[in-house]
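**Q** Listed here are the chains, written in short residue letters.
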Amino acid sequence: MNGVFTWLPDLLLVTMLIGLGWATVSSTDLKRAVALFIAFGLLLSVAWARLRAPDLALAEAALGAGLSGALLLAALRDEPSAGDIRKDLPFWQRSLVDLLTVALALPLAWVLWSVLSEPAPSPLAERALSALDRSGVSNPVTAVLLNYRAYDTLLELVVVLAAVLGVVSLGRERPGYRQAGPVLSSLVRWLVPLLILAAGYLLWVGAHAPGGAFQAGATLAAASVMLRLSGADRAGLPVGLALRASLSAGVGLFLLVGLGLMGAGQGFLHYPPAWSGGLILLIESAATLAIAAALGLAYLGGRPAGWEAGDPDPSHKERRP
Amino acid sequence: MAEPLALLLIFIGLGFYLAGAVGLLRFPDLHTRLHALTKADNLGLGLLVLGVALLHGSLLIALKLLLVWLLVLAGSAASAHLIAQHALRRSDEP
Amino acid sequence: MSLTLLYALTGAALFLLGLRATLLRTELLARVVALNVSGAGVFLMLVAIAYREAGQPVDPIPQALVLTGLVVAVSATALALALHRQLRERSDD
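Residue numbers (this note's numbering), protein chains in the order written: chain Y, 385 to 705; chain R, 611 to 704; chain B, 5 to 97.
Note that these hints are calculated values from the structure, not bench results. Just to be clear, a hint being listed does not mean it is correct.
[To be verified] Below are the SDA-like pairs computed for lysine to any residue, each with C-alpha atoms no more than 25 angstroms apart in a straight line:
id, chain 1, residue 1, chain 2, residue 2
1, Y, Lys415, R, Tyr627
2, R, Lys674, R, Asn652
3, Y, Lys415, B, Glu31
4, Y, Lys415, R, Gly633
5, Y, Lys415, B, Arg92
6, Y, Lys415, B, Leu39
7, R, Lys649, R, His696
8, Y, Lys415, Y, Ala445
9, Y, Lys415, B, Leu91
10, Y, Lys415, Y, Val430
11, R, Lys674, Y, Asp482
12, R, Lys674, Y, Ser522
13, R, Lys674, Y, His592
14, Y, Lys415, R, Ala688
15, R, Lys649, Y, Val430
16, R, Lys674, Y, Lys415
17, Y, Lys415, R, Val632
18, R, Lys674, Y, Leu508
19, Y, Lys415, R, Asp651
20, R, Lys674, Y, Tyr585
21, Y, Lys415, B, His88
22, R, Lys674, Y, Arg434
23, R, Lys649, Y, Ala445
Kindly generate the complete structure, drawing on both the sequences and the hints.
**A** Structure, rendered in structure tokens:
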């Protein structure tokens with residue numbers, strides 16, 4: 385009897401995850417699908433906490449549920465008739481996809497069952513954890529991201545920058561929102577300083593507890609989204625050259641540190657053990673700024689006014705409620 | 611000593627959440643549903659927070675949880691207000 | 005059945021659900037959402053593999069991979085939505 389009860393919470397969570405996932409992808413009303421998707425993201429955050437991945441839980445709540453949801457809702461706002469048009473694929477295409485799904489499902493389940501039934505030792509994990517005291521931080525995930533696999537994180541920041549440059553080069557930003565009433569503006573007035581404080585804390589604490597640059601950057605981006613929604617068109621983002629500098633700060637500082645270390649004879653991104661803590665914090669600070677600027681700009685949906693020198697006055701921009 | 615009390619608080623809090631969910635499903639229109647959701651869910655969260663704080667027994671954690679509850683309160687009050695206002699405005703327009 | 009296997013199978017199910025919906029739906033927004041659900045399934049599989057019982061330290065490497073993947077997924081979603089908006093605006097002309 386005891387055995388059943390220890391499984392109950394996990395079975396419940398797993399059932400809800402699959403149920404919400406199914407409802408999200410099969411919903412014909414797009415607004416409902418997006419709302420379900422946000423709920424799915426939050427539930428997934430609980431799953432990360434259950435699986436002892438607190439850094440992921442923080443990031444999923446902020447990025448996966450929060451920012452992705454905000455982006456999708458902003459896209460929905462552009463097309464109010466979304467979901468009215470629904471064409472179904474011809475029957476043979478649908479059957480083919482169903483066949484493909486079943487053909488993938490059985491081997492996948494069999495592989496997972498045979499491989500994961502017994503816990504397997506992971507020598508890589510042991511090496512990663514045993515080198516932790518030399519890595520400059522005590523949070524293993526931060527050590528992997530900013531030290532052992534720093535090169536991957538550099539490339540990830542490049543990917544984020546490339547995506548934002550794509551968004552920016554495609555067109556102008558979306559129409560802004562009207563000035564917020566008293567309720568929303570007072571909420572924003574309290575929340576934004578709190579979010580900035582929380583972001584600073586997450587950045588600092590990432591070295592020895594769950595947190596880090598990505599969570600902090602996402603929190604700042606959330607503050608930017610809130611400002612945008614309450615009618616502040618700048619959305620807290622810097623203008624012109626300062627914005628470009630913030631966007632490139634992440635990749636730029638990372639490269640500077642890497643090349644500087646290479647020039648000093650250490651090798652690209654090989655931190656000297658005495659300096660690794662400080663270097664990691666430095667890189668993370670620049671990355672936080674870059675991620676916040678990038679995600680905030682992504683929410684704007686395009687080039688803001690003032691992006692290029694000599695841009696016309698933004699007062700001609702239309703506003704929609 | 612604290613643990614059974616904490617569990618009781620958590621279960622009562624979950625009961626409030628259940629009530630809010632039932633209200634969401636059963637109430638006839640938007641405004642009544644908003645009412646059920648915000649009132650029941652926030653009270654449920656308060657009881658949940660109290661129970662979890664008791665389980666941990668640390669003042670710092672209790673204060674952080676209290677902050678979480680206050681933020682959720684502010685956020686849900688603001689969003690309920692905005693949703694209701696938008697619904698009213700939309701029903702006034704032709 | 006261990007916790008790892010349970011969550012890995014859930015991740016596989018979500019992956020397949022999302023994949024099927026990505027292929028079957030015709031509206032781009034629905035496809036983006038389905039792709040995100042599929043990605044969440046992949047992340048679940050990875051984190052399930054990283055899981056260890058209480059007392060042993062968790063494997064940090066798959067978790068770092070998933071964190072990277074999460075950020076990349078959000079960026080890709082943003083770009084996809086911007087492309088969609090431009091497509092719609094240009095096809096309206």
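**Q** Now, for every hint given, state plainly whether the structure supports it.
**A** To see whether the hints hold, each was checked on the structure:
1. Y:Lys415 with R:Tyr627: holds (24 angstroms)
2. R:Lys674 with R:Asn652: holds (16 angstroms)
3. Y:Lys415 with B:Glu31: holds (13 angstroms)
4. Y:Lys415 with R:Gly633: holds (21 angstroms)
5. Y:Lys415 with B:Arg92: holds (18 angstroms)
6. Y:Lys415 with B:Leu39: holds (17 angstroms)
7. R:Lys649 with R:His696: Status holds; Cα separation ~20 angstroms.
8. Y:Lys415 with Y:Ala445: Given pair Lys415 (chain Y), Ala445 (chain Y) holds - Cα atoms ~20 angstroms apart, limit 25 angstroms.
9. Y:Lys415 with B:Leu91: holds (20 angstroms)
10. Y:Lys415 with Y:Val430: Holds. Lys415 (chain Y) to Val430 (chain Y) sits at ~23 angstroms (cutoff 25 angstroms).
11. R:Lys674 with Y:Asp482: violated (48 angstroms)
12. R:Lys674 with Y:Ser522: Cα-Cα ~23 angstroms, so holds.
13. R:Lys674 with Y:His592: holds (19 angstroms)
14. Y:Lys415 with R:Ala688: Holds. Lys415 (chain Y) to Ala688 (chain R) sits at ~21 angstroms (cutoff 25 angstroms).
15. R:Lys649 with Y:Val430: Holds - the C-alpha atoms of Val430 (chain Y) and Lys649 (chain R) are around 23 angstroms apart, at most 25 angstroms.
16. R:Lys674 with Y:Lys415: violated (34 angstroms)
17. Y:Lys415 with R:Val632: holds (22 angstroms)
18. R:Lys674 with Y:Leu508: violated (36 angstroms)
19. Y:Lys415 with R:Asp651: holds (23 angstroms)
20. R:Lys674 with Y:Tyr585: Status holds; Cα separation ~13 angstroms.
21. Y:Lys415 with B:His88: holds (17 angstroms)
22. R:Lys674 with Y:Arg434: holds (20 angstroms)
23. R:Lys649 with Y:Ala445: With a Cα-Cα distance of about 23 angstroms, the restraint between Lys649 (chain R) and Ala445 (chain Y) holds, given a limit of 25 angstroms.
Comparing the model with each numbered hint stated earlier shows that hints 11, 16, 18 do not hold.
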